[in-house]
Amino acid sequence: MRRFLRAGAFAQRLHAGRSAGAMTLAAALVAASFTVAVRGAEGAPRTAGGPAVPKIGGHWVDSWVSMPQLTEPGNMPPPPFTRDGGVFDDATLRQTVRVSVGGRNVRLRFSNAFGGTALPITKVSVALPDGGRAGVSAIEPGTSRPVTFHGRSAVVVPVGAQMVSDPLPFPVAPRSVLSVTTYLADGQASTDITSHPGSRTTSYMVAGDHVGDTDLPGATHADHWYFLSGLEVWAQQATAAAVVLGDSLTDGRGSTTNMNDRWPDQLLDRLQSHPSTSGIAVVNQAAGGNRVLNDGLGPNALARFDRDVLAQSGVQWLVVFEGVNDIGTAAATPAAQKQVADDLIAAYDQMVVRAHALGIRVYGATLTPFGGNTMYDDPDGYREGARQAVNEWIRAGHRFDAVIDFDRAARDPADPRRLRPSLDVGDHLHLNPAGYKALADAVPSALFRQRRLSPTFGFN
Numbered sequence: 108m109r110r111f112l113r114a115g116a117f118a119q120r121l122h123a124g125r126s127a128g129a130m131t132l133a134a135a136l137v138a139a140s141f142t143v144a145v146r147g148a149e150g151a152p153r154t155a156g157g158p159a160v161p162k163i164g165g166h167w168v169d170s171w172v173s174m175p176q177l178t179e180p181g182n183m184p185p186p187p188f189t190r191d192g193g194v195f196d197d198a199t200l201r202q203t204v205r206v207s208v209g210g211r212n213v214r215l216r217f218s219n220a221f222g223g224t225a226l227p228i229t230k231v232s233v234a235l236p237d238g239g240r241a242g243v244s245a246i247e248p249g250t251s252r253p254v255t256f257h258g259r260s261a262v263v264v265p266v267g268a269q270m271v272s273d274p275l276p277f278p279v280a281p282r283s284v285l286s287v288t289t290y291l292a293d294g295q296a297s298t299d300i301t302s303h304p305g306s307r308t309t310s311y312m313v314a315g316d317h318v319g320d321t322d323l324p325g326a327t328h329a330d331h332w333y334f335l336s337g338l339e340v341w342a343q344q345a346t347a348a349a350v351v352l353g354d355s356l357t358d359g360r361g362s363t364t365n366m367n368d369r370w371p372d373q374l375l376d377r378l379q380s381h382p383s384t385s386g387i388a389v390v391n392q393a394a395g396g397n398r399v400l401n402d403g404l405g406p407n408a409l410a411r412f413d414r415d416v417l418a419q420s421g422v423q424w425l426v427v428f429e430g431v432n433d434i435g436t437a438a439a440t441p442a443a444q445k446q447v448a449d450d451l452i453a454a455y456d457q458m459v460v461r462a463h464a465l466g467i468r469v470y471g472a473t474l475t476p477f478g479g480n481t482m483y484d485d486p487d488g489y490r491e492g493a494r495q496a497v498n499e500w501i502r503a504g505h506r507f508d509a510v511i512d513f514d515r516a517a518r519d520p521a522d523p524r525r526l527r528p529s530l531d532v533g534d535h536l537h538l539n540p541a542g543y544k545a546l547a548d549a550v551p552s553a554l555f556r557q558r559r560l561s562p563t564f565g566f567n
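The sequence shown runs contiguously to residue 567 in this note's numbering.
Don't take each hint at face value.
As the list claims (entries may be wrong) - Pairs of lysine to aspartate or glutamate residues, derived as EDC-like cross-links and limited to a Cα-Cα distance of at most 20 Å, are as follows:
#1 LYS230 - ASP293
#2 LYS230 - ASP197
#3 LYS445 - ASP484
#4 LYS230 - GLU179
#5 LYS445 - ASP456
#6 LYS230 - ASP316
#7 LYS544 - GLU499
#8 LYS445 - ASP413
#9 LYS162 - ASP273
#10 LYS445 - ASP376
#11 LYS544 - ASP273
#12 LYS544 - ASP534
#13 LYS544 - ASP512
#14 LYS230 - ASP368
#15 LYS230 - ASP320
#16 LYS445 - GLU499
#17 LYS445 - GLU491
#18 LYS544 - ASP368
#19 LYS544 - ASP508
#20 LYS230 - ASP273
What the hints assert, rightly or not - Pair by pair, the computed Cβ-Cβ distance ranges are:
#21 GLY315 - THR563: 57 to 65 Å
#22 THR440 - SER383: 19 to 27 Å
#23 ALA438 - ARG259: 50 to 58 Å
#24 GLY466 - VAL271: 20 to 28 Å
#25 GLY319 - SER385: 17 to 25 Å
#26 HIS328 - PHE566: 17 to 25 Å
Calculated directly from the structure, the hints in this document are not laboratory data.
All values derive from a computational prediction rather than experimental measurement.
Glycine included, each C-beta is placed from N, C-alpha and C at the ideal position.
Please build the complete structure, drawing on both the sequences and the hints.
Structure (structure tokens):
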């Protein structure tokens, strides 16, 4: 076991070296670690149709997620991968994801939550991407490993369902990037498909079966994720996940494509830099245009709460940073804005009730300013009044287990109705990477230290 851990740690250091020689050696070391992991499991009991049960105790923890959504016409796979009545017919799809915490075994989740027909997946593999980078089409030679489902390479995901893969011995370093390649021999016979359009990460697609290819020259690309909705790691009991429920401000509108500089990414970097919080996964369940009370882009937050929070693996904390789209799309009248503020407060209370019942602490983040935004800011300030009312309740209502004051971190001291100019991406609603760093820095790391729950924690 010590040999395995040393190999995985050394591979992580080599990835940080960024030289071609180091990357080649790192790939070889991952392959060697894979062999050690398999040999180390000899003699261990096996699950029915699956791999050996690990000898070390632990639990499954989400290390990366993406919120499933019904794909809009403008976010469908580019031609020729969308055709009349279907997508990805005889096509390979390669996607990269950045994990939060590491482990020695991984498993994947594929979602067909919004599919119009069953989703038949023919073949899946996991590998290290070239140079350890996000959004690249090439993988490191010798690192590709087949993924199975109940011992089989193929799986059919029913309409509205998800399927979880068998555990795969594959050493994963914290904050590393993995490449997931999927082949669909028959495609999905519907143009209602499940994706996450706001990936801020480039994916690649090519005709035919190229799951095992080191690179995909000439591939078509798009900055969306399709079908893949989660990656879990088998981790120590002390490892746990914090789910962030949000909208485009958490999904990363204004962040840098393939650079993973959304505020949850930057919070993860900070937590990983301290031993006391290095076992915390930060998983992003946000989507641009999402609302708490009514459907927008994706189901409303209350409707998706069970799937995106309560059903996730290893969750101990929830951060709620959502509501600006509810205020911004409600009519700019006193009555409508009072109603939306009251309804948001009631919705937050429901989230706390339901999360507390499962032992999950809930932290409320104040809503950031939108003064000057052409869509949301109204001349009479009714929406600003609703934002202030909601923020006052978050701060002083004592309903959340802690408050994260994003409003204070992002607002302009000279004009608190607006974002600080140096943090504003330009539309007076979304932030640039420096702005997302300001949000990440405003989250107290002490919130994610292990603490015993009170005996009456889940009562209300």
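Going through the hints against the structure:
no., hint, result
1, LYS230 - ASP293, "11 Å, holds"
2, LYS230 - ASP197, "11 Å, holds"
3, LYS445 - ASP484, "16 Å, holds"
4, LYS230 - GLU179, "26 Å, violated"
5, LYS445 - ASP456, "17 Å, holds"
6, LYS230 - ASP316, "9 Å, holds"
7, LYS544 - GLU499, "24 Å, violated"
8, LYS445 - ASP413, "27 Å, violated"
9, LYS162 - ASP273, "17 Å, holds"
10, LYS445 - ASP376, "38 Å, violated"
11, LYS544 - ASP273, "36 Å, violated"
12, LYS544 - ASP534, "18 Å, holds"
13, LYS544 - ASP512, "14 Å, holds"
14, LYS230 - ASP368, "31 Å, violated"
15, LYS230 - ASP320, "13 Å, holds"
16, LYS445 - GLU499, "14 Å, holds"
17, LYS445 - GLU491, "11 Å, holds"
18, LYS544 - ASP368, "8 Å, holds"
19, LYS544 - ASP508, "23 Å, violated"
20, LYS230 - ASP273, "13 Å, holds"
21, GLY315 - THR563: 57 to 65 Å, "59 Å, holds"
22, THR440 - SER383: 19 to 27 Å, "48 Å, violated"
23, ALA438 - ARG259: 50 to 58 Å, "53 Å, holds"
24, GLY466 - VAL271: 20 to 28 Å, "22 Å, holds"
25, GLY319 - SER385: 17 to 25 Å, "34 Å, violated"
26, HIS328 - PHE566: 17 to 25 Å, "51 Å, violated"
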